[in-house]
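Asker: One-letter residues, chain by chain:
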Amino acid sequence: MTDPILQVKDLRVYYGTPGKPVRAVDGVSLEIGESEVVGLVGESGCGKSTLGRGILGLLPEGARADGEVLFGGRNLVTMSPKAVRNMRGPELGLIFQEPMTRLNPLLRISDHFTETLQQHEPKLTDAEMRRRSLETLGRMGIPPTRFRQYPHEFSGGMRQRIMIALALVLRPKLLVADEPTTSLDVIVEGQILALLADLKRNFGTALLLITHNLGIVAESCDRMAVMYAGRIAEEGNVREVFADPSHPYTRELLRSTISLDTTELHSIPGAPPNLIDPPPGCRFHPRCPNAMQVCNQLEPIEQRSDGRRVFCWLHGPSARMPAGGEAPLEREAIGVADEA
Amino acid sequence: MAASAPAAPRTPYGRARLLALGRATKPIRDASGIARAMFWSGVAITFFFIVLAVFAPLISPYNFNQYKSGGIRFPQLGHPSAAHWMGTTVQSSDVMARVIYGAQTELKVVVIALAMSLTVGVPLGLISGYFGGILDRFLVLIMDALFAFPYLLIAIVIAFLLATSSIGGGILTAAIAITAAYVPLYFRVVRNHVISVREEPYVDAARALGARPRTVIRKYVFFNVVQNVPPIATLNAADAILLLASLGFLGYGIQPTQGAEWGYDVSRAVSDAASGIWWTGLFPGLAIVLLVTGLTLVGEGLNETINPVLRRRRFGRFEFEPVPGPTEEAE
Amino acid sequence: MTGTSLRTYLITRLALVLPMVFILLTLVFLLLRVAPGNPIEAALGGHVPAAYVHQIERRLGFDKPLITQYGDYLWNILRGHLGTTITDNRPLSQIIEQNGAATLELTFFAMLIAIVVGVLVGLVAGRYRDTPLDVFGRLFGILVYATPVFFLGLMAQLVFGVWLNWLPTSDQASPLTQALLQTHTNIYFIDAIWDGNWGALWDVTKHLILPASTLGLVTAGVFIRLVRVNVIRTLRDDYIEAARARGIVERRVVYAHAFKNALVPVITIVGLNLATLLGGAVLTETTFNWPGIGHELVLYLENRDYVAVQGIIVVFALVVVAVSVLVDFINAYVDPRIRY
Chain A
0 MTDPILQVKD LRVYYGTPGK PVRAVDGVSL EIGESEVVGL VGESGCGKST
50 LGRGILGLLP EGARADGEVL FGGRNLVTMS PKAVRNMRGP ELGLIFQEPM
100 TRLNPLLRIS DHFTETLQQH EPKLTDAEMR RRSLETLGRM GIPPTRFRQY
150 PHEFSGGMRQ RIMIALALVL RPKLLVADEP TTSLDVIVEG QILALLADLK
200 RNFGTALLLI THNLGIVAES CDRMAVMYAG RIAEEGNVRE VFADPSHPYT
250 RELLRSTISL DTTELHSIPG APPNLIDPPP GCRFHPRCPN AMQVCNQLEP
300 IEQRSDGRRV FCWLHGPSAR MPAGGEAPLE REAIGVADEA
Chain B
0 MAASAPAAPR TPYGRARLLA LGRATKPIRD ASGIARAMFW SGVAITFFFI
50 VLAVFAPLIS PYNFNQYKSG GIRFPQLGHP SAAHWMGTTV QSSDVMARVI
100 YGAQTELKVV VIALAMSLTV GVPLGLISGY FGGILDRFLV LIMDALFAFP
150 YLLIAIVIAF LLATSSIGGG ILTAAIAITA AYVPLYFRVV RNHVISVREE
200 PYVDAARALG ARPRTVIRKY VFFNVVQNVP PIATLNAADA ILLLASLGFL
250 GYGIQPTQGA EWGYDVSRAV SDAASGIWWT GLFPGLAIVL LVTGLTLVGE
300 GLNETINPVL RRRRFGRFEF EPVPGPTEEA E
Chain C
0 MTGTSLRTYL ITRLALVLPM VFILLTLVFL LLRVAPGNPI EAALGGHVPA
50 AYVHQIERRL GFDKPLITQY GDYLWNILRG HLGTTITDNR PLSQIIEQNG
100 AATLELTFFA MLIAIVVGVL VGLVAGRYRD TPLDVFGRLF GILVYATPVF
150 FLGLMAQLVF GVWLNWLPTS DQASPLTQAL LQTHTNIYFI DAIWDGNWGA
200 LWDVTKHLIL PASTLGLVTA GVFIRLVRVN VIRTLRDDYI EAARARGIVE
250 RRVVYAHAFK NALVPVITIV GLNLATLLGG AVLTETTFNW PGIGHELVLY
300 LENRDYVAVQ GIIVVFALVV VAVSVLVDFI NAYVDPRIRY
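Protein chains in written order, with numbering that gives the first Met the number 0: chain A, 0 to 339; chain B, 0 to 330; chain C, 0 to 339.
These aren't lab readings, by the way, just hints derived from the structure by calculation.
Note that CB positions come from ideal geometry on N, CA and C, so glycine has one too.
Treat the hints loosely; a few may be bogus.
[As the list claims (entries may be wrong)] Distance condition first, Cα-Cα at most 20 Å in a straight line; then the derived DMTMM-like pairs of lysine to aspartate or glutamate:
| # | chain 1 | residue 1 | chain 2 | residue 2 |
| --- | --- | --- | --- | --- |
| 1 | C | K205 | C | D170 |
| 2 | C | K205 | C | D194 |
| 3 | B | K218 | B | E199 |
| 4 | A | K199 | A | E178 |
| 5 | A | K19 | B | E318 |
| 6 | A | K19 | B | E320 |
| 7 | A | K81 | C | E240 |
| 8 | A | K172 | A | D110 |
| 9 | A | K172 | A | D197 |
| 10 | A | K8 | A | E298 |
| 11 | A | K199 | A | D65 |
| 12 | B | K218 | B | E198 |
| 13 | A | K122 | A | E134 |
| 14 | A | K199 | A | E35 |
| 15 | B | K218 | B | D203 |
| 16 | A | K8 | B | E198 |
| 17 | A | K19 | A | E33 |
| 18 | A | K8 | A | D65 |
| 19 | C | K259 | A | D110 |
| 20 | A | K8 | B | E320 |
| 21 | A | K81 | C | E249 |
[Said to hold, decoys possible] Facing chain A, a subset of chain B residues (Cβ under 7 Å, in silico):
| # | residue |
| --- | --- |
| 22 | F314 |
| 23 | G315 |
| 24 | F317 |
| 25 | F319 |
Working from the sequences, and respecting the hints, build out all of it.
Answerer: Structure below.
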């Protein structure tokens, strides 16, 4: 791709605990190009939210990051918090899952916009700020008559639009959306997704769409990355990945989704691993139907081909495969009791 | 099978108990250092006073009403001295003795009052919250009205009424007066909690499975609600000591013959102040401050650990280990 | 969806309050009627001729059936006739005017001190949680809460009155001032300003300092804890994180969002603590010989003057209810979500 606007290289985000740290994101590399829409999928607890927040430097107390997040040529991980904060808004944006609680109930919508604009573009006149805010809101379908209303006077879907408008009013280059439609009903979800998909057309903003819903990734994204247990399993063009998944986890995920053709429920046995003491080698091996001997010994090495990246020994370089590594792995049957 | 089996293996059950204890105290062990410091210092102070109260006759050099020893009367309003570390009162009583025996009085009354408040307030709150209906609305109306009213006034009025009746003044009167003031609080807290728990999915599930109301209350609602009671009861105990001392200050506490009471002693000390005599009021007053502080520290410490909003886990420090070797490119 | 108007809210709230008033009044009536023994005899000391006792009984309506007494009682209150005391023949209305005003003066300034100290310390403690500032603030709050107001008052009298001789230790004003001051509102502070009598104002203030500070400081303890908890809770709210995600400076996040929102319940807290304040006022007035209505209550209780006690308690009940309505009203004004 042409110069990516965001390059994540070997990012690690760990959460501190009284014991050993939780390795929520454990060596993730990812690139996002200009105006691209990239989907980040995975089960709950796989680290995708942490990754999204980690990119913006919005980590909770006790969490630390290591590695590189290159944006505009600078590494956000090593930059001063103040400098990163200045970039939030005009360069990087983040919208959250529950729009109901993300607006200050005591402030009008107009106050929210004024605050953001005054923070980052203090030289604007009041009239200018008002004009920009109304324009962005208008594109999100919020009429100017409601500009001075309070958050509780809006429905969930409308609040999410307001949040998106708030994030976009400063025209950031990248917007991270952390499960933006999970708490909304399906019809509203469709509207919001349409808005987000239009971002590149209307605003030229790239979008990192974090979700556990494969359906919306198929609809809205150009590329997708599949995360499992803090690591990327597979990444590539959406249509290609859906048509021909390389990683067993992706394959199982796709088989688990329900459509009108589904006659039988399929699920992946077992549960996501403990992130304090993850399984050795490939983290998916305890649940993988194709696990081989090498899978619980060595971590899989990245394989690239045709714009696809996979971390799996099935496609791994045979030169690095130890002797006997390809033999199937003997495991105990995963009983129901082993879940969680 | 043998009729007389040997002692049943105690290990599994005993271990289960230990594990449960470990689980119960986990919040305290996980809490931030400050919450734990508060909690334990509060426990230490409270324990100190409990010891004073229980072992008063052994610890105190004199009885609380004693005004002479070996035929010689103690000095009146005597300065703190070797014989009387905290001085003496206008009636020649030893101040320190009164402070020590006062602990007995305070704890006795407060324990009785709390027990009564819990016995009345908690079941009422449980029933009212769980069953709702007319009973609930009626009780809520009364309790809310009382709840808004100053505790002291309720206690004074009840103490006043009881004092003129056959029960007379004394420990029981003070305890009942304090109970009357706090029942609305327990009722309210328990009821609110029951209502929020009542709608929880697991309670619903139990009901759907056909459990009787009594069972549901006993097994699910009660234990959930009762968890909230210790911090409230401890903070309430602190408040009750203050209330008792206030009653004593106004003259509605226990009779002087029944025991020493710190609030009463402070009220007697007011007239001493004009002459610059400070020890008759300072020591009982400090005792109140110390005991209430101790109880409040325990309550606040508990609150800090149990209340999920305030809970703050300790974060460990960690270092990132260097990543082993670069990843390879495709061939 | 427009908000309900403030006026509608007020009317609804007032309507809801009537049952509470009703119940309180009934409880007062029942309690005092239930008292065993002949209250009149008890009040007058038992050395009074029976004829006089009967005369008073008839005047107070004791010979009528209980239901009638109850009805008369309510009707009298409605008309504002609270009666005349048995022991010293003072009309209740006079007690309210004179002593009530004194209590108002004391509690107003005490509340002012409590709010200022409580809010300031609570805000700082909550913001800098678990730092030495926080620990100190909390310990301070606990200590002042644990100190009985009469003990603090006694010590204050000893130190400032007796040893240092800086401030007076009793009464509302010196006898000279009382003689010179014109009665306008019975609140000496206001009356002194009204008259332009600065000497009197200084005298009144000197008399106010010890009692108001004592009562205020002790009440502040409760405020500190509540404000601190509120600040901590608010700082965890979702819209705080969302504001940070927009790059708003931490200082503004703390002041304009967290503190402001955290203080909204302070008004309720003030209202809830009015009861505590009134209780404390009774004790403070007794300690400092302040001629307030609380002190009168204590004296009349000692004298078993049942009419006086009933009247004063009724006044307390009505004040408590009135303040609770006022507090709800202010809350609805500040927080637009509350208006039914």
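Asker: Would you mind marking each hint as holding or not holding in the structure?
Answerer: Evaluated hints:
1. Of the supplied pair hints, the one linking K205 (chain C) and D170 (chain C) holds, its CA atoms being roughly 10 Å apart against a limit of 20 Å.
2. Pair hint K205 (chain C) plus D194 (chain C) holds up; C-alpha atoms about 18 Å apart against a cutoff of 20 Å.
3. At roughly 14 Å between alpha-carbon atoms, K218 (chain B) and E199 (chain B) fall within 20 Å of each other, so this suggested pair holds.
4. For the given pair, K199 (chain A) sits about 19 Å from E178 (chain A) by alpha-carbon distance, which is consistent with the 20 Å threshold.
5. Taking the CA atoms of K19 (chain A) and E318 (chain B), the gap is about 10 Å. The hint holds against a cut of 20 Å.
6. As the CA atoms of K19 (chain A) and E320 (chain B) are separated by approximately 13 Å, the hinted pair is consistent with the 20 Å bound.
7. Distance hint between K81 (chain A) and E240 (chain C) is fulfilled; the C-alpha atoms sit about 16 Å from each other, no more than 20 Å.
8. With a C-alpha separation of about 24 Å, the suggested pairing of K172 (chain A) with D110 (chain A) is violated against the 20 Å cut-off.
9. For the hint pairing K172 (chain A) with D197 (chain A), the CA-to-CA distance comes to about 14 Å; that is within 20 Å, so the pair holds.
10. Restraint check: the Cα-Cα separation between K8 (chain A) and E298 (chain A) comes to about 17 Å, which is no more than 20 Å; the hinted pair holds.
11. At most 20 Å may separate the alpha-carbon atoms for a hinted pair to count; K199 (chain A) and D65 (chain A) exceed this at roughly 30 Å.
12. Between K218 (chain B) and E198 (chain B) the alpha-carbon distance is near 15 Å, which keeps this suggested pair within the 20 Å criterion.
13. In summary, the hint linking K122 (chain A) to E134 (chain A) is supported, as the alpha carbons are separated by about 19 Å, within the 20 Å threshold.
14. Annotation: proposed proximity of K199 (chain A) to E35 (chain A) holds, straight-line Cα distance about 7 Å (limit 20 Å).
15. With a C-alpha separation of about 13 Å, the suggested pair K218 (chain B) and D203 (chain B) falls inside the 20 Å cut-off, and the hint holds.
16. Our distance criterion of 20 Å between C-alpha atoms is broken by K8 (chain A) and E198 (chain B), whose separation comes to about 47 Å.
17. This hinted pair does not check out: K19 (chain A) and E33 (chain A) have alpha carbons roughly 38 Å apart, beyond 20 Å.
18. With a C-alpha separation of about 10 Å, the suggested pair K8 (chain A) and D65 (chain A) falls inside the 20 Å cut-off, and the hint holds.
19. Between K259 (chain C) and D110 (chain A) the alpha-carbon distance is near 14 Å, which keeps this suggested pair within the 20 Å criterion.
20. In summary, the hint linking K8 (chain A) to E320 (chain B) is supported, as the alpha carbons are separated by about 16 Å, within the 20 Å threshold.
21. Taking the CA atoms of K81 (chain A) and E249 (chain C), the gap is near 10 Å; set against the 20 Å cutoff, the hint holds.
22. Satisfaction of the interface hint for F314 (chain B) is found here, the shortest Cβ-Cβ separation to chain A being roughly 3 Å, below the 7 Å cut-off.
23. With a least beta-carbon distance of about 5 Å to chain A, the hint placing G315 (chain B) at the interface is held under the 7 Å criterion.
24. Here the hint on F317 (chain B) is kept, as its CB sits about 4 Å from the closest CB of chain A, short of 7 Å.
25. Interface restraint check: F319 (chain B) against chain A, minimum CB-CB distance 4 Å, threshold 7 Å, status holds.
Comparing the model with each numbered hint stated earlier shows that hints 8, 11, 16 and 17 do not hold.
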